[in-house]
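Chains as they are written, first to last, in our numbering: chain A, 294 to 678; chain B, 5 to 637.
Treat the hints as calculated values from the structure; they're not laboratory data.
Do not rely on the hints blindly, as some may be mistaken.
Unchecked claim - Quick look at which bits of chain B chain A covers, simulated, 3 or more residues with Cβ under 8 Å:
#: 1; stretch: 321–331
#: 2; stretch: 451–459
Claimed, not checked - Pairwise CB distance ranges, derived in the manner of DEER restraints:
#: 3; chain 1: A; residue 1: P496; chain 2: B; residue 2: Q497; range: 30 to 40 Å
#: 4; chain 1: B; residue 1: R549; chain 2: A; residue 2: E340; range: 20 to 30 Å
#: 5; chain 1: A; residue 1: V301; chain 2: B; residue 2: P272; range: 33 to 43 Å
#: 6; chain 1: B; residue 1: L287; chain 2: A; residue 2: E340; range: 50 to 60 Å
#: 7; chain 1: A; residue 1: V619; chain 2: B; residue 2: A408; range: 41 to 51 Å
#: 8; chain 1: B; residue 1: L287; chain 2: A; residue 2: T306; range: 30 to 40 Å
#: 9; chain 1: B; residue 1: E411; chain 2: A; residue 2: P496; range: 33 to 43 Å
#: 10; chain 1: B; residue 1: A377; chain 2: A; residue 2: D375; range: 56 to 66 Å
#: 11; chain 1: A; residue 1: D375; chain 2: B; residue 2: K412; range: 53 to 63 Å
#: 12; chain 1: A; residue 1: T499; chain 2: B; residue 2: A377; range: 53 to 63 Å
#: 13; chain 1: A; residue 1: V619; chain 2: B; residue 2: P519; range: 31 to 41 Å
#: 14; chain 1: A; residue 1: D375; chain 2: B; residue 2: K434; range: 52 to 62 Å
#: 15; chain 1: B; residue 1: K412; chain 2: A; residue 2: P496; range: 55 to 65 Å
To be verified - Keeping only pairs whose Cα atoms sit at most 20 Å apart, straight-line, the calculated PhoX-like set for lysine-lysine is:
#: 16; chain 1: B; residue 1: K332; chain 2: A; residue 2: K395
#: 17; chain 1: B; residue 1: K457; chain 2: B; residue 2: K385
#: 18; chain 1: A; residue 1: K575; chain 2: A; residue 2: K490
#: 19; chain 1: A; residue 1: K395; chain 2: B; residue 2: K434
#: 20; chain 1: B; residue 1: K434; chain 2: B; residue 2: K448
#: 21; chain 1: A; residue 1: K490; chain 2: B; residue 2: K448
#: 22; chain 1: A; residue 1: K627; chain 2: B; residue 2: K637
#: 23; chain 1: B; residue 1: K424; chain 2: B; residue 2: K385
#: 24; chain 1: A; residue 1: K672; chain 2: A; residue 2: K395
#: 25; chain 1: B; residue 1: K295; chain 2: B; residue 2: K336
#: 26; chain 1: B; residue 1: K637; chain 2: A; residue 2: K672
#: 27; chain 1: B; residue 1: K331; chain 2: B; residue 2: K403
#: 28; chain 1: B; residue 1: K434; chain 2: B; residue 2: K466
#: 29; chain 1: B; residue 1: K32; chain 2: B; residue 2: K46
No residue lacks a Cβ here, since even glycine has one placed at the ideal position from N, Cα and C.
Residue strings, one per chain:
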Amino acid sequence: VSDLPLAVPARLTRLGLSEVVNHLLEHDEPRAFDFLIDGELLRSSLEEHLRSKGLSLEEVVIVEYFLVPKKPEHTEDKPHEDWVAGIAISSSSSVLTASYDKTGRIWEEGADGHAAVTLLGHEDSATCCTWVEEQGEGSTRFAITGSKDYSLLAFAVPKGTGGGQSMQPCFRFRGHEGAVQAVACRDSLLCSASWDKTIKIWPMPTEKELEELAGNSGEAISQTGKRSKGEEGKQAVNMKDRGCLSTLVGHTQAVTGVEVGGRQEIVSGGWDHTVKSWDAEKQQCLTNLTSNSAVNGVAISLSGLFASAHADRAVRVWDPRAGALVRKSLASHKGWVNAVSWSPSSEHHLVSCSHDHTIKLWDFRSSVPLHTIAAHDGKALCVSW
Amino acid sequence: MESDSDEDGPVMKNPVGNIPMEWYKDEKHIGYDLSGKKILRKTKKDALQRHLDRADDPEPWRLVYDEVNDEELRLTDAEVKLLRRLRNGKYEPGIDPYEDYPVPEDDPELKIFGPSGPEPKSRFVPSKHEAKKIVRYVRMIRAGKLKRDPDPQDPDKLYNFDVWEREDDVVHRGAVPIPAPKMKLPGHAESYNPSKEYLLSPEEQEEMLKQDPSDRPLNFIPQAYTSLKKVPLYPSLVQERFERCLDLYLCPRTVKKRMNVDPQSLLPKLPKPADLRPYPSVLTVVYEGHKDKINSLSHHPDGQYFASASNDGFVMVWEVSTGRCWKKWNLKQPVSYISWNPNVDFPIIAVAVGSEVILIDPRFGPQDNLQSAAIQELLLKGREFAASKGSKEKNELVKFEDVASAEKEQGLLLRVKHAKPVTQVTWHHKGDYFVTLSPQANTKAVLIHQLSKMQSQNPFTKSKSDTQKVLFHPSKPFLFLATKKHVKVYNLQKQMLSKNLLGGFKWLSSFDIHPGGDNVVCSAFDRKISWFDMDLSAKPYKTMRYNNTGLRTVAFHKRLPLFAAGGEDGVAYVFHGMVYNDLMDNPLIVPLKRLHAHKNDGMDGILDILFHPTQPWLFTCGIDHTIRLFTDK
Numbered sequence: 294v295s296d297l298p299l300a301v302p303a304r305l306t307r308l309g310l311s312e313v314v315n316h317l318l319e320h321d322e323p324r325a326f327d328f329l330i331d332g333e334l335l336r337s338s339l340e341e342h343l344r345s346k347g348l349s350l351e352e353v354v355i356v357e358y359f360l361v362p363k364k365p366e367h368t369e370d371k372p373h374e375d376w377v378a379g380i381a382i383s384s385s386s387s388v389l390t391a392s393y394d395k396t397g398r399i400w401e402e403g404a405d406g407h408a409a410v411t412l413l414g415h416e417d418s419a420t421c422c423t424w425v426e427e428q429g430e431g432s433t434r435f436a437i438t439g440s441k442d443y444s445l446l447a448f449a450v451p452k453g454t455g456g457g458q459s460m461q462p463c464f465r466f467r468g469h470e471g472a473v474q475a476v477a478c479r480d481s482l483l484c485s486a487s488w489d490k491t492i493k494i495w496p497m498p499t500e501k502e503l504e505e506l507a508g509n510s511g512e513a514i515s516q517t518g519k520r521s522k523g524e525e526g527k528q529a530v531n532m533k534d535r536g537c538l539s540t541l542v543g544h545t546q547a548v549t550g551v552e553v554g555g556r557q558e559i560v561s562g563g564w565d566h567t568v569k570s571w572d573a574e575k576q577q578c579l580t581n582l583t584s585n586s587a588v589n590g591v592a593i594s595l596s597g598l599f600a601s602a603h604a605d606r607a608v609r610v611w612d613p614r615a616g617a618l619v620r621k622s623l624a625s626h627k628g629w630v631n632a633v634s635w636s637p638s639s640e641h642h643l644v645s646c647s648h649d650h651t652i653k654l655w656d657f658r659s660s661v662p663l664h665t666i667a668a669h670d671g672k673a674l675c676v677s678w
Numbered sequence: 005m006e007s008d009s010d011e012d013g014p015v016m017k018n019p020v021g022n023i024p025m026e027w028y029k030d031e032k033h034i035g036y037d038l039s040g041k042k043i044l045r046k047t048k049k050d051a052l053q054r055h056l057d058r059a060d061d062p063e064p065w066r067l068v069y070d071e072v073n074d075e076e077l078r079l080t081d082a083e084v085k086l087l088r089r090l091r092n093g094k095y096e097p098g099i100d101p102y103e104d105y106p107v108p109e110d111d112p113e114l115k116i117f118g119p120s121g122p123e124p125k126s127r128f129v130p131s132k133h134e135a136k137k138i139v140r141y142v143r144m145i146r147a148g149k150l151k152r153d154p155d156p157q158d159p160d161k162l163y164n165f166d167v168w169e170r171e172d173d174v175v176h177r178g179a180v181p182i183p184a185p186k187m188k189l190p191g192h193a194e195s196y197n198p199s200k201e202y203l204l205s206p207e208e209q210e211e212m213l214k215q216d217p218s219d220r221p222l223n224f225i226p227q228a229y230t231s232l233k234k235v236p237l238y239p240s241l242v243q244e245r246f247e248r249c250l251d252l253y254l255c256p257r258t259v260k261k262r263m264n265v266d267p268q269s270l271l272p273k274l275p276k277p278a279d280l281r282p283y284p285s286v287l288t289v290v291y292e293g294h295k296d297k298i299n300s301l302s303h304h305p306d307g308q309y310f311a312s313a314s315n316d317g318f319v320m321v322w323e324v325s326t327g328r329c330w331k332k333w334n335l336k337q338p339v340s341y342i343s344w345n346p347n348v349d350f351p352i353i354a355v356a357v358g359s360e361v362i363l364i365d366p367r368f369g370p371q372d373n374l375q376s377a378a379i380q381e382l383l384l385k386g387r388e389f390a391a392s393k394g395s396k397e398k399n400e401l402v403k404f405e406d407v408a409s410a411e412k413e414q415g416l417l418l419r420v421k422h423a424k425p426v427t428q429v430t431w432h433h434k435g436d437y438f439v440t441l442s443p444q445a446n447t448k449a450v451l452i453h454q455l456s457k458m459q460s461q462n463p464f465t466k467s468k469s470d471t472q473k474v475l476f477h478p479s480k481p482f483l484f485l486a487t488k489k490h491v492k493v494y495n496l497q498k499q500m501l502s503k504n505l506l507g508g509f510k511w512l513s514s515f516d517i518h519p520g521g522d523n524v525v526c527s528a529f530d531r532k533i534s535w536f537d538m539d540l541s542a543k544p545y546k547t548m549r550y551n552n553t554g555l556r557t558v559a560f561h562k563r564l565p566l567f568a569a570g571g572e573d574g575v576a577y578v579f580h581g582m583v584y585n586d587l588m589d590n591p592l593i594v595p596l597k598r599l600h601a602h603k604n605d606g607m608d609g610i611l612d613i614l615f616h617p618t619q620p621w622l623f624t625c626g627i628d629h630t631i632r633l634f635t636d637k
C-alpha cells in the first residue's frame with residue numbers, strides 16, 4: 294500500500310478498514326486484518342477510537358495493519374485418566390504432560406490417543422514439566438517433571454521413542470522442602486519453584502553423565518516396556534540423586550511460577566503477590582514488581598516483557614525496565630487464571646488459561662482477548678505454545 | 005376678590021379644566037364643549053402671515069395668545085396698567101396690605117390675655133449672656149474641643165433604626181425572658197357548627213363525663229348551632245382564663261434547648277469498603293466431593309492445603325489452588341471437628357470422631373519426609389514416657405490407643421478414646437498440647453492432652469457441661485472457654501479464672517481470638533456478633549446484629565485485619581477489624597461484604613468458615629456438601 298494518506302469515513306470499523314486494505318492490495322480472496330494506531334489495537338470504529346484519545350477527525354493518523362492471527366483450531370485430544378497439571382512442547386513438537394496420577398507422559402503427533410512414553414517414578418502427583426534439549430547434534434532429550442513429593446525427575450528420552458513404553462527416571466533432583474510447583478529450562482539453565490518459598494537452580498543433565506550412569510550399572514537405560522511393581526525398586530538403583538547448584542531466596546510465600554528468559558534471567562512469581570526477576574549467576578533479585586493479588590504463573594516474552602497470571606482473574610503484563618505495568622491488566626477471565634504463556638513467534642501474543650474452563654489468546658496491546666477457546670469441561674490448569 | 009363660581013366668572017369657552025395643555029399638543033382639537041363635541045383647533049397662521057399682521061398692527065405687543073381657548077387676546081389699557089403694577093411689586097389698586105386688624109375695644113377676654121405693660125428693653129437689646137456663650141463655643145471649636153455636628157447628608161453618619169428587627173437578635177440584659185407556651189389552636193371540634201363526626205353521641209358524652217376532667221380529651225362538649233349568633237356565652241370562659249393565668253404565673257419555665265445538629269454528622273466516619281481491600285468478595289473455587297454436610301474446616305499452616313470433616317465419615321485434604329481432593333480418609337463415623345496442628349514441624353491433623361480423637365499424619369512429599377519422621381519421634385517419646393510412668397492408673401481420663409497396621413499405612417497415628425462424644429479438639433500453638441471438649445462428660449468435659457508425654461490432665465473440677473467452644477490463647481498460657489452465656493478466660497499457670505466476658509447472650513455459638521490475643525469476637529444464635537476488647541472491659545466493645553437468623557460461626561484472619569461470621573441462613577458476613585498497636589486507638593470495625601455462600605436448608609446454612617492463613621480468602625462449608633472459596637476481586 295502506498296504511503297499517501299487516504300481519506301476514509303470515520304465510522305469504519307476493523308471490517309471496513311479490512312475491506313479497504315484488501316481492495317488496495319488487490320487480493321482475490323479477502324483476508325481479515327487488525328489495525329494498530331499508536332501502539333494500540335483498534336477495537337471500535339475509528340471515530341470512537343480517536344475520540345477516546347482526544348484526537349481530531351481531520352488529522353492524518355498512521356494506521357499499521359497486519360493479518361489477524363488465526364483462531365487456534367482444536368486438532369487433537371490427548372485423554373488422561375487424571376487431571377493434567379503441566380504441559381510442555383519440545384522443538385520437534387513432542388508434548389510432555391504432567392498428571393495428577395503421579396506420571397508424566399510424552400505424546401507424539403498422530404499417535405491417536407495413546408501416550409508414546411509414560412514416565413513413572415513420582416511418589417505423588419506430578420505438577421509441572423519441561424523439556425531439556427541440548428543444542429547441537431545430541432540425540433537425547435530430557436523430560437523433567439516436578440512433583441508434590443518435593444523432587445524433580447529427569448527422564449532421558451531418545452528421539453523416536455514411542456509405542457506406549459514406560460520409562461524410569463535417570464536423575465532425581467532433591468533439595469526442595471515443599472511441593473514443586475513450576476519448572477523451567479532454557480539455555481542450559483534449569484530451575485524450579487516450590488512451596489518452600491525458594492527457587493532452586495539445578496545442574497543440567499547431559500548425555501555424558503547419562504553414559505557414565507549407564508556404564509556404572511552396566512545396563513542400558515530401561516526401554517523395556519512394561520515392568521511389574523517389584524522391579525521398580527530395582528530400577529531405582531539406576532537413578533542418580535543430584536543436589537541443587539544454588540538457591541534463590543526472597544519470596545515470602547510459596548513460589549508458584551518460574552520461567553527462564555535470555556541472558557540467564559529468571560522470572561518468578563509467588564503468592565506473596567510479587568513478580569521477581571533474578572540474575573542466576575549472581576543469585577540476586579533484579580526487579581521486584583508488586584501487584585494486588587497472588588500470582589499463579591509467570592512467563593517472559595521474546596522482548597523481555599513479563600506476563601503473570603493472577604488469582605484476581607487478571608493477566609498482567611509488566612515491563613521490568615520501567616518496573617511497572619505495561620498497560621492495565623487484561624481482565625476477561627471469569628475465574629482464577631492459572632497459567633500464562635507467550636507466543637514463541639510473536640512478541641505481542643500470549644495465551645492464558647483459567648478456572649472458568651477457557652483459554653484466551655491475547656494481544657497485549659488490546660485489552661480485549663483476540664480469541665476465547667472453550668475447550669475444556671473443567672478447570673484449565675496449564676497452557677503452552 | 006369676587007367669588008369663583010361659574011355663573012359669575014368669565015364664560016369658559018373650553019371647559020377642559022386646569023390641565024397642562026400640552027396633552028392636546030398633537031391633537032386636532034383642544035377640548036370638548038359642554039355638549040361633548042370636540043372643539044377644533046384653529047388653523048395656525050404661518051410665520052409670514054404673522055409677520056405681516058404684526059407689521060400692520062400699530063401695537064403688536066398687546067397681543068397675547070391664550071393657549072387654553074386657542075385664541076389671541078388684545079390687552080386693554082387697564083390690564084396693561086395692572087400688569088405693570090404687579091411687575092413692580094405693587095398690589096392691585098384699591099387693596100391695602102397693611103390694613104390694621106380691627107381690635108374690638110370692649111372685649112373682656114382680650115383684656116385678660118393681652119399685654120399688661122410696655123415691652124421690656126431686654127427684648128430689643130442683644131443678650132450679653134448669649135454673646136458670652138457664643139464666644140465660649142467659638143473658643144472651644146477653635147481648640148478642637150467641640151466637634152461640629154455630623155453632616156446630616158452623610159449617609160454613613162445617618163442613624164438608622166431597624167423597625168423590623170427580630171426579637172431574637174436583641175441582646176437581653178439579665179435573665180433571658182422565656183416566652184409563654186403557646187395555647188393549642190382551636191380545631192374542628194371547637195367550631196360553632198362542626199361536622200357530624202366531631203359531635204358526641206349520648207353514650208360518648210356520658211362516657212366522657214364519667215372521666216376525670218383532667219383525663220378528658222376535650223374540656224367541652226362539641227355542639228352544633230345553625231348560626232354564630234345563636235352561640236351562647238362560653239360558660240367556663242373565666243375559669244379557663246384564670247387557669248391559664250395560673251399556669252403562666254405559677255408554673256416554672258425553662259428554655260428547651262433544641263439541638264440543631266444533622267444526625268448524619270453524629271455517626272462515626274467509617275472508611276469506604278473499597279478502601280479496605282483486599283477482602284473476599286467473589287466465589288472462585290467450589291470443592292466438591294463430600295456426600296453429607298461438612299462440619300468443620302482447618303488449614304495447613306502453609307496455606308497449600310486445607311482439610312474438611314464431614315458427616316459422611318470422610319476427612320478430606322484439599323489443594324487450595326485447584327479444588328482437587330488430595331487425600332481422604334474414611335473414618336466410618338460422622339466427623340464432628342477437625343483441627344490441623346499450627347506447628348509446621350508436626351503437621352498432624354486431629355479429628356473428633358464419635359467419642360474418639362484420631363490423629364492423622366497427612367504425609368506430604370516423599371515417603372521419607374522430615375515431618376513424618378519428626379512426628380514418629382514425638383510419638384515414640386510420648387510412648388516411652390508413658391511406659392516409664394509405669395502401670396496404668398485406675399481412673400485414667402482417656403486412653404491412648406495405637407491404630408491397626410492397615411490404618412497405619414494410610415497415615416493414621418493414634419486414637420485418643422474418651423468416655424463421652426467429643427465435639428471439639430484444638431491445638432496449642434506449639435503443637436504439643438491439644439485440648440478436647442466433650443460436654444456430656446460433666447467434670448471431665450475439658451481435657452488437655454500432651455502428645456510428647458501421652459498424658460492428659462483435667463484443669464477443672466467443676467462441671468463444664470454447657471461449654472460451647474474452647475481455644476488456647478495464641479501466645480500466652482491462657483485457655484478461653486465459651487459457655488452459652490459468656491466467655492471465660494483461665495490462666496493455666498496460676499490455675500485461676502482471669503476474666504469473664506459478658507455479652508448478654510442467650511446462646512453463644514462460637515468465638516475466635518484475634519491473633520494479637522487481646523480481642524475476642526463472639527457469635528450467638530440470637531443474631532449477635534460481639535467484639536470484646538479485653539483491655540477495655542469485660543463488656544462488648546461493639547455489638548452488631550445483621551442476620552435474620554442466628555450466627556453459627558466466626559473466625560479471624562491470621563494476618564490481615566479481617567474477620568467473618570457465618571449465619572444459619574447461608575450468608576457469610578465479612579468485616580474489617582483493625583486492631584491498633586498503640587493503646588490510644590480503639591479497634592476499627594467496618595462491615596464489608598455479605599457473601600451468599602450456601603443454600604439455606606431451613607436450619608443451618610454455613611457450618612464453619614475459615615480464612616486462608618496468608619491470602620485474603622475465605623472458605624465456607626455448609627449443609628449443601630460443598631466447600632466454597634471466596635477470593636478478593
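Quick rundown of the hints versus the structure:
Remark: the stretch 321–331 of chain B is confirmed as covered by chain A, as 5 of its residues place a Cβ nearer than 8 Å to a Cβ of that chain, reaching the required three. Only residues whose C-beta sits within less than 8 Å of a C-beta in chain A count toward coverage, and the stretch 451–459 of chain B has 0 of them, not enough to reach three; the restraint is violated. For the pair P496 (chain A) and Q497 (chain B), the beta carbons lie near 53 Å from each other, so the given range of 30 to 40 Å is not met. At about 54 Å, the beta-carbon gap between R549 (chain B) and E340 (chain A) misses the expected band of 20 to 30 Å.
V301 (chain A) and P272 (chain B) have their C-beta atoms about 59 Å apart, which leaves the hinted 33 to 43 Å range violated. One distance hint, 50 to 60 Å for the beta-carbon pair L287 (chain B) and E340 (chain A), is violated here, with the actual separation near 39 Å. Separation of V619 (chain A) from A408 (chain B) is about 60 Å and departs from the stated range, judged on CB atoms against 41 to 51 Å. Distance hint check: the CB atoms of L287 (chain B) and T306 (chain A) are about 36 Å apart, consistent with the given range 30 to 40 Å.
The hinted range of 33 to 43 Å is satisfied by E411 (chain B) and P496 (chain A), whose Cβ atoms lie roughly 41 Å apart. About 29 Å separates the C-beta atoms of A377 (chain B) and D375 (chain A), a value inconsistent with the hinted range of 56 to 66 Å. For D375 (chain A) and K412 (chain B), the Cβ-Cβ distance of about 26 Å falls outside the hinted range of 53 to 63 Å, so the restraint is violated. The given range of 53 to 63 Å is broken by T499 (chain A) and A377 (chain B), whose C-beta atoms sit roughly 34 Å from each other.
Distance hint check: the CB atoms of V619 (chain A) and P519 (chain B) are about 38 Å apart, consistent with the given range 31 to 41 Å. The supplied range of 52 to 62 Å is broken by D375 (chain A) and K434 (chain B), whose beta-carbon atoms lie about 38 Å from each other. Checking the proposed 55 to 65 Å range against K412 (chain B) and P496 (chain A) shows it is violated: the Cβ atoms sit about 38 Å from each other. Proposed proximity of K332 (chain B) and K395 (chain A) is supported: the alpha carbons are some 17 Å apart, at most 20 Å.
Using a Cα cut-off of 20 Å, the hinted pair K457 (chain B) and K385 (chain B) holds, with the two alpha carbons roughly 7 Å apart. Proximity of K575 (chain A) to K490 (chain A) is assessed by CA-CA distance (about 19 Å); at most 20 Å being required, the pair is judged to hold. About 34 Å separates the Cα atoms of K395 (chain A) and K434 (chain B), which puts this hinted pair outside 20 Å; it is violated. Proximity of K434 (chain B) to K448 (chain B) is assessed by CA-CA distance (about 24 Å); at most 20 Å being required, the pair is judged violated.
With a C-alpha separation of about 43 Å, the suggested pair K490 (chain A) and K448 (chain B) falls outside the 20 Å cut-off, and the hint is violated. A hinted pair counts as satisfied when its Cα atoms are at most 20 Å apart, and K627 (chain A) with K637 (chain B) qualifies at roughly 11 Å. Between K424 (chain B) and K385 (chain B) the CA atoms are separated by roughly 27 Å; this puts the pair beyond 20 Å, and the hint is violated. At most 20 Å may separate the alpha-carbon atoms for a hinted pair to count; K672 (chain A) and K395 (chain A) meet this at roughly 19 Å.
For the hint linking K295 (chain B) to K336 (chain B), the alpha-carbon distance of about 13 Å falls within 20 Å, and the restraint holds. This hinted pair checks out: K637 (chain B) and K672 (chain A) have alpha carbons roughly 19 Å apart, not beyond 20 Å. For the hint pairing K331 (chain B) with K403 (chain B), the CA-to-CA distance comes to about 27 Å; that exceeds 20 Å, so the pair is violated. For the hint linking K434 (chain B) to K466 (chain B), the alpha-carbon distance of about 27 Å lies beyond 20 Å, and the restraint is violated.
The suggested pairing of K32 (chain B) with K46 (chain B) holds, with an alpha-carbon distance near 9 Å, which does not exceed 20 Å.
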